[in-house]
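Chemist: The primary structure of each chain is shown beneath.
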Amino acid sequence: MMKWEITTDQVLEEQVYKHTHVSGLEIYFIPKPGFTKKYAYFGTRYGSFNNCFEHDGQEICMPKGIAHFLEHKIFEDPERNIFDKFAALGASVNAYTSFNATVYHFSTVDQFDEGLAELLRFVQRVNLTEENVEKEKGIIVQELKSYEDDPEYVVFFNLLKAMYEAHPLRDDIGGDEASVREITKAQLEACYESFYAPENMVLIISGDIDPDQLLERVEAELTENYLSRKTAHKKPLPVEPLKVANQYVEGNFDVPVPLFEIGVKGHNRFESDKALMRTAISVKTILDTHFGKGSNFYKEMYDEGLINSSFGMDYTFGDSYAYYVFGGESVNPEAVRERLVKAVGELLETGVDTEGFERIRKKMIGRLISSANSVQYLSSAYVSYFMKGLDLFEYIRSVSETTPEEGLAYMKDTFKEDHIAMSVVRQEAKAE
Amino acid sequence: MIDALRTSRIAPQVDLHLIKSKKFKTDLISLYLLRPLTMEEATLNALLTRILDRGTANYPDAQVLNRYLDDHYGMALVSDVSKVGERHQIQLKVQFPRSPIIGKNLMADGVALLSEMTYNPLTADGKFQDSIFEMEKRQLKQEIESRINDKTTYAVDRCLELMCDTEPYRFYAYGDVDYLETVTNEQLFEHYQQVIAHSKMDVVAIGDFDFDEVEGLIKEYFSPALNEVIPVPEERVHVPIESLRVVSEPMNVQQGKLVIGYRTYTDRKDPAYYPMQLFCAIFGGMPSSKLFMNLREKESLCYFIGTKIDKLKGIMYVVSGIDFDKYDQANQLIDVEFEQMLAGNFSEEDIDMARKSIVSSLRAISDYPNSFSNFYYNQTMLEDPVDVEHYVRLFESVTKEQIVEAGKRIQKDLIYFLKGSEA
Numbered sequence: 001m002m003k004w005e006i007t008t009d010q011v012l013e014e015q016v017y018k019h020t021h022v023s024g025l026e027i028y029f030i031p032k033p034g035f036t037k038k039y040a041y042f043g044t045r046y047g048s049f050n051n052c053f054e055h056d057g058q059e060i061c062m063p064k065g066i067a068h069f070l071e072h073k074i075f076e077d078p079e080r081n082i083f084d085k086f087a088a089l090g091a092s093v094n095a096y097t098s099f100n101a102t103v104y105h106f107s108t109v110d111q112f113d114e115g116l117a118e119l120l121r122f123v124q125r126v127n128l129t130e131e132n133v134e135k136e137k138g139i140i141v142q143e144l145k146s147y148e149d150d151p152e153y154v155v156f157f158n159l160l161k162a163m164y165e166a167h168p169l170r171d172d173i174g175g176d177e178a179s180v181r182e183i184t185k186a187q188l189e190a191c192y193e194s195f196y197a198p199e200n201m202v203l204i205i206s207g208d209i210d211p212d213q214l215l216e217r218v219e220a221e222l223t224e225n226y227l228s229r230k231t232a233h234k235k236p237l238p239v240e241p242l243k244v245a246n247q248y249v250e251g252n253f254d255v256p257v258p259l260f261e262i263g264v265k266g267h268n269r270f271e272s273d274k275a276l277m278r279t280a281i282s283v284k285t286i287l288d289t290h291f292g293k294g295s296n297f298y299k300e301m302y303d304e305g306l307i308n309s310s311f312g313m314d315y316t317f318g319d320s321y322a323y324y325v326f327g328g329e330s331v332n333p334e335a336v337r338e339r340l341v342k343a344v345g346e347l348l349e350t351g352v353d354t355e356g357f358e359r360i361r362k363k364m365i366g367r368l369i370s371s372a373n374s375v376q377y378l379s380s381a382y383v384s385y386f387m388k389g390l391d392l393f394e395y396i397r398s399v400s401e402t403t404p405e406e407g408l409a410y411m412k413d414t415f416k417e418d419h420i421a422m423s424v425v426r427q428e429a430k431a432e
Numbered sequence: 001m002i003d004a005l006r007t008s009r010i011a012p013q014v015d016l017h018l019i020k021s022k023k024f025k026t027d028l029i030s031l032y033l034l035r036p037l038t039m040e041e042a043t044l045n046a047l048l049t050r051i052l053d054r055g056t057a058n059y060p061d062a063q064v065l066n067r068y069l070d071d072h073y074g075m076a077l078v079s080d081v082s083k084v085g086e087r088h089q090i091q092l093k094v095q096f097p098r099s100p101i102i103g104k105n106l107m108a109d110g111v112a113l114l115s116e117m118t119y120n121p122l123t124a125d126g127k128f129q130d131s132i133f134e135m136e137k138r139q140l141k142q143e144i145e146s147r148i149n150d151k152t153t154y155a156v157d158r159c160l161e162l163m164c165d166t167e168p169y170r171f172y173a174y175g176d177v178d179y180l181e182t183v184t185n186e187q188l189f190e191h192y193q194q195v196i197a198h199s200k201m202d203v204v205a206i207g208d209f210d211f212d213e214v215e216g217l218i219k220e221y222f223s224p225a226l227n228e229v230i231p232v233p234e235e236r237v238h239v240p241i242e243s244l245r246v247v248s249e250p251m252n253v254q255q256g257k258l259v260i261g262y263r264t265y266t267d268r269k270d271p272a273y274y275p276m277q278l279f280c281a282i283f284g285g286m287p288s289s290k291l292f293m294n295l296r297e298k299e300s301l302c303y304f305i306g307t308k309i310d311k312l313k314g315i316m317y318v319v320s321g322i323d324f325d326k327y328d329q330a331n332q333l334i335d336v337e338f339e340q341m342l343a344g345n346f347s348e349e350d351i352d353m354a355r356k357s358i359v360s361s362l363r364a365i366s367d368y369p370n371s372f373s374n375f376y377y378n379q380t381m382l383e384d385p386v387d388v389e390h391y392v393r394l395f396e397s398v399t400k401e402q403i404v405e406a407g408k409r410i411q412k413d414l415i416y417f418l419k420g421s422e423a
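Residue numbers (the numbering used here), protein chains in the order written: chain A, 1 to 432; chain B, 1 to 423.
Treat the hints with care, as some may be off.
[Claimed, not checked] The following label-pair restraints were derived from C-beta to C-beta distances:
| # | chain 1 | residue 1 | chain 2 | residue 2 | range |
| --- | --- | --- | --- | --- | --- |
| 1 | A | ASN81 | B | ASN252 | 33 to 41 Å |
| 2 | A | ASP210 | B | SER397 | 50 to 58 Å |
| 3 | B | ASP210 | A | GLY24 | 31 to 39 Å |
| 4 | B | VAL177 | A | ASN332 | 19 to 27 Å |
| 5 | B | ASP178 | A | GLY34 | 15 to 23 Å |
| 6 | A | GLU26 | B | ARG9 | 48 to 56 Å |
| 7 | B | ASP3 | A | GLN10 | 18 to 26 Å |
| 8 | B | ALA225 | A | THR403 | 50 to 58 Å |
| 9 | A | GLU221 | B | SER397 | 32 to 40 Å |
| 10 | B | ASN252 | A | GLY305 | 47 to 55 Å |
| 11 | A | GLN15 | B | LEU342 | 51 to 59 Å |
Hints are computed from structural coordinates only; laboratory data are not their basis.
Ideal placement from N, C-alpha and C gives every residue a C-beta, glycine not left out.
Next up, chain A with everything else stripped away, as it sits in the complex (with noise of 0.2 Å):
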């Protein structure tokens, strides 16, 4: 009999069922009564930072952009395009690459345990032919082109290039026009055998759906190759120093107001899980204090012309970088990064405004709260948590408990100098 562990979020007051499959399958589900849409994920711990691994006793390293091509793939049908298979149930599909994952989902209003079926059915197997893979070429690289159109993608990937050094984070996720031309059957084949396992993987459901059944439905659809197979042995990620490869990096486009994104590295060595989340949400609550909307350095770097409304910061983790990030347009990014970093020191001495401190818990709380009325926001979240190895409503109980002190120490820590790069995207200066 399988059965169901429950947990309850008093703050959002959310329940979160769950439960490991023998293969190691872990199952989650996400009861919203009352929504007419429901939504599955069912996704793989494998994304653009696992380039290189263990594979026949040899380690190997794909080209770039792998996983990425991969996902294209598994949409390959023999029989029927698999967009098809859910516009005909009148659901929608899609998936994702990021770095350390995946994921395909799919929502719909009606027959949801048929889409399910479909789901599962056509990410357990894939189906190559060199034909089919020359053929997704032109589409990848005219999905990589239209990026590259993008300033607002090229200031913060170029960001990342800057900061990181030997980090698989300064790759794109999808690779260059090259090393997608490079990929073959074989290797994708490898890639799929290699990580699309059960115990590498994770299945997220939430809707208005009863429980009951639903993980004898799911089991009923794994099939004994999906079973059968075991992760490869994923090569542990290059250490990353703490300073910058590059302090500043420029693109080129016509935008009327530069761009900018300034990065400082960070490190994600913490004793515990626990100690990882409450350290971000401190750290994201004393950045929204000091330099958010309702800050002095917000009002008066307005006023002064050098923000505008599109300026914002957060800090961004997973399980092997950290960063924290400011961004926006200004006219002047050169100067915003110097006001910004003599304000980081003020703080770093005279320490946290502890009033704005809980001001900020309580939107965050509400925020939080307000966030759950979409069933979509709160699965997906609970997905990209997970691919962190972090659980979402644990997250969300550590909004509550952090401390100004714990923030404040890593920022310490972290935030110096050498540390700090600065991404701008603005007009080619004219030659005089």
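Here the structure of chain A is known, so what remains is to put chain B in place on it, guided by the hints.
Modeler: Leaving out everything else, chain B in the frame of chain A:
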């Protein structure tokens, strides 16, 4: 799931729509002011909405206001404009969570703040504060100029702008930079007073609240004196085409953006409206569409290709990103697929998929408070039924012949290509 609805006229020019849905953890109160779409209106309304949320008489700068919002559990304000068909809308909204862990009902504070933003702006010497006016004017100019950062959206906007070069539809939702330069603070303040006094206003509240409590609050805060309401004309759908126009413009891009504009000559009161929506969906409105299957999946010409239709204006367009040297081939293949549609070369199953896709989107609107609020307002503004199932039935009765017949009305008006600067 929507649990209850109530509409009432609370003042001569103000309608209140209360929508109860227990599943939501927030309450959203939206004020809609309907305006005609002209270049001057778009510019002035856009500038106005950017000033209104910079501070009010009681919260005299953005910092004070933002701290108030944070302190109210991340209460969120929206102050923006949008172009709906050939009309302009000002939207002022407030959203806040409703939860036992907050320990208090934020409704009264939320309604009061929305009213404050609407009726009690920050002024000095009978106009807006000069420093804020000048700052927001500069920021809006940057915002309009930054349109070119999103090349695909920009190409779509340019295509429609050129296609409708004598119709109000051409105006950008945020207005025109040259006109913006000439706007004075006095002029904007006068416009503000005009907007507040002479616009049709609708308040839509959606959440899990007591109807009488909210109606009482809205009546207290939003009951303007009787005034003459500015007329807002309907869209002109039947605009004749003289001949196909072809425009290409150079820009520093890696990939060409192709946009083809069509006129469907079908308004929403026309029986052909429903088959027309289905035609558009089968042609290019979903991943199982003819354009996606052939130009992407079969020919590997592009990563994205799709169609959209403006239901009020009756304009459809195709948009895709392609290599510069694939321009002729892409155009030719799009024409082939269009002709195939007119020849009836699509199946009952294609129709079924398109219908399910549209029906599913319609039914899912009630999952999102903001989408449902906008949907509900637009339906009442147009005096169209608000019951989604009414439309579901109409889509279900459409036949293949009706889709082909609807398609025959469509005329290609303008081909726009954003090409590389070297080309």
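Chemist: Indicate, hint by hint, whether the structure satisfies it.
Modeler: Checked hints:
A hinted range of 33 to 41 Å holds for the C-beta pair A/ASN81 and B/ASN252, which are about 36 Å apart. Here the CB-CB span from A/ASP210 to B/SER397 is close to 32 Å, at odds with the stated 50 to 58 Å. At roughly 49 Å, the beta carbons of B/ASP210 and A/GLY24 sit outside the given window of 31 to 39 Å. Taken as a hint, the range 19 to 27 Å holds for the pair B/VAL177 and A/ASN332, whose Cβ atoms sit roughly 21 Å apart.
Distance hint check for B/ASP178 and A/GLY34: the Cβ-Cβ separation is about 50 Å, which falls outside the suggested range of 15 to 23 Å. The hint said 48 to 56 Å for the Cβ distance between A/GLU26 and B/ARG9, and at roughly 54 Å that hint holds. Range check, B/ASP3 to A/GLN10: about 25 Å between beta-carbon atoms, so the 18 to 26 Å window is met. Between B/ALA225 and A/THR403 the beta carbons are some 53 Å apart, a value that agrees with the proposed interval 50 to 58 Å.
At about 36 Å, the beta-carbon gap between A/GLU221 and B/SER397 stays in the expected band of 32 to 40 Å. Against the hinted window of 47 to 55 Å, the Cβ-Cβ separation of B/ASN252 and A/GLY305 comes to about 27 Å, which falls outside the hint. Between A/GLN15 and B/LEU342, the C-beta spacing of about 52 Å keeps the proposed range 51 to 59 Å intact.
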